[in-house]
Amino acid sequence: MNPAELRIRDLTVAHGRRPAVHHVSFALKPGAMMAVVGPNGAGKSTLLRAIAGLHAPASGRIEGVARGQIGLLPQQAALDRSFPLTCRDAVLFGLWAESGAFRATPRPERVDSALDAVGLHGFARRPVGSLSSGQFQRLLFARLLLQDAPIILLDEPFNALDARTATDLLAVMRRWHGEGRSILAVLHDLDLVRREFPETLLLARECIAVGPTEAALSAENRLRARMMSEAWTEGAEACAA
Amino acid sequence: MIWDLFIAPFAEFGFLRRALIGCLALSLSAPPLGVFLMLRRMSLTGDVLAHGILPGVALGFVVAGLWMPALALGGLIAGLIVALGSGAIARATGGREDAALAGLYLTALAAGVALISWKGSAVELTQLLFGSVLGVDDAALLLMGGAATATLLFLAVAWRPLILECFDPSFAQAVGVRGSVWHLGLLALVVINLVAAFQAVGSLMAVGLMMLPAIGARHWSREVGGLVSASVGLALAATLIGLLASYHADLPSGPAIVLAAAALWIVSLILGPVDGLLARHRQRPHLEG
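So the protein lines, in turn, are chains A and B. Using UniProt numbering, the letters of the first sequence map in sequence onto residues 1 to 241. Using UniProt numbering, the letters of the second sequence map in sequence onto residues 1 to 289.
Keep in mind that the hints were calculated from the coordinates and are not lab data. Be a bit skeptical, because a hint or two may be false.
[Stated by the list, open to error] Simulated coverage check for chain B against chain A, where a stretch passes if three residues somewhere in it have a Cβ under 8 Å from a Cβ of chain A:
#1 130-142
#2 162-171
[Said to hold, decoys possible] Anything over 12 Å on all C-beta distances counts as not near chain A; from chain B, calculated:
#3 F10
#4 F15
#5 R41
#6 L73
#7 E97
#8 A102
#9 L259
#10 I270
Glycine included, C-beta positions come from ideal geometry on N, C-alpha and C.
Produce the complete structure using the sequences and hints provided.
Written out as structure tokens, the structure reads:
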């Protein structure tokens with residue numbers, strides 16, 4: 001697993017005329033593990049979605065990634081959890097790069113090993129609608145396992161999970177890191193960030209700090225992030241630059 | 001007895017055979033589209049598009065009378081305008097798409113009825129709104145067969161992208177599925193099926209053969225494939241029962257077929273193994289225990 005360096009240069013992403021991410025620059029080195037932290041509405045999810053190619057930047061550049069190199073774990077609210085699909089079929093979409101719309105999937109038994117690896121042994125034929133939030137999150141991790149992407153973007157991966165599920169999925173994430181993949185994760189639990197993530201990006205629409213976690217999450221930086229997000233009004237527009 | 005009830009009407013009357021073949025063809029294609037509309041929480045969109053084709057059909061009628069190609073072309077153009085127009089209005093004004101759809105379909109229905117009343121008789125208005133088995137001529141039959149064939153081919157190609165785009169749109173976009181293209185394809189085929197159906201079952205009733213079997217199918221399966229198979233089964237049965245009822249009880253064919261589909265929906269609602277009323281009732285003691 002040898003991902004390229006992901007470079008974000010002066011990136012601005014807007015919802016309509018309102019900038020959600022404003023002139024942000026940083027680099028994610030190959031094999032790095034970086035947390036994205038910030039208040040609500042700080043543009044964390046938007047940043048991830050822009051990197052995954054779901055949101056076109058208003059200005060700036062995202063360098064070092066090609067389609068198929070990025071695996072995105074979306075927030076559960078973005079999915080239709082009542083959709084009539086079996087777990088097997090939902091996870092099978094992780095092999096889209098190989099199967100596409102028509103081709104048969106080579107070695108479909110990989111789906112079962114992925115389900116086993118996230119603790120969903122025997123769930124292949126269960127409808128996704130019958131899963132709890134924790135089990136559904138395990139399912140999304142199984143899909144990411146199959147995607148086998150060198151750069152992995154996780155949007156609030158451990159939110160609202162019981163301790164057991166969080167521990168299991170954390171282990172999966174550490175395994176990805178051990179395999180040399182780059183990981184960028186939006187998180188709220190600062191203790192978890194300090195424990196697991198060597199680097200942190202503190203975001204409040206603008207980049208407040210990026211670098212080693214302890215320094216980035218200093219009391220002073222966190223205060224600045226809070227003030228910055230309060231200073232933005234809904235009517236604020238992107239600067240002319 | 002059985003011969004008289006089930007076979008004789010079709011054996012004796014060619015127009016009834018045509019209507020049967022045409023409606024059976026549409027029973028293979030319209031309900032699967034209905035299933036995808038339902039899964040996208042767009043169950044009412046079919047209804048809106050059915051109203052949307054009416055002014056086009058009416059214009060065709062004003063220009064050329066009850067001549068199939070003109071009616072179909074007019075309906076197709078009007079339906080596509082409503083399908084694309086509602087999205088465009090919603091995007092341009094930042095409003096909600098369902099509000100734009102409601103505005104368009106009310107306008108379309110009123111305009112359609114006004115146009116037909118202006119040039120035609122009450123009989124012709126009834127025929128265009130509620131269908132007539134006598135209306136299925138060669139051109140109509142070809143259109144029904146063609147619409148069914150095109151729909152089945154599209155679904156074979158679009159099956160996986162449609163499911164993925166519906167289940168997880170972000171993921172679909174991230175892996176390069178162009179969701180909006182498949183979505184527009186789906187809407188276009190909905191319009192084509194509605195236009196193809198309106199000769200036999202009428203423009204107001206055409207959507208019944210699309211949505212009722214789809215909604216009923218929900219009680220027979222928990223997988224998309226199963227839903228589609230069940231919806232097709234229900235629609236085939238509704239077509240057969242409806243046409244026979246239409247013949248024996250002298251009802252217009254459109255309402256008869258739609259009522260048969262509605263009866264099958266109610267049966268599914270009560271007896272269906274998935275979230276059916278009886279199945280739920282039987283489960284209750286288990287849940288309480």
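Numbers of the earlier hints that this structure fails to satisfy, in rising order: 1 and 5
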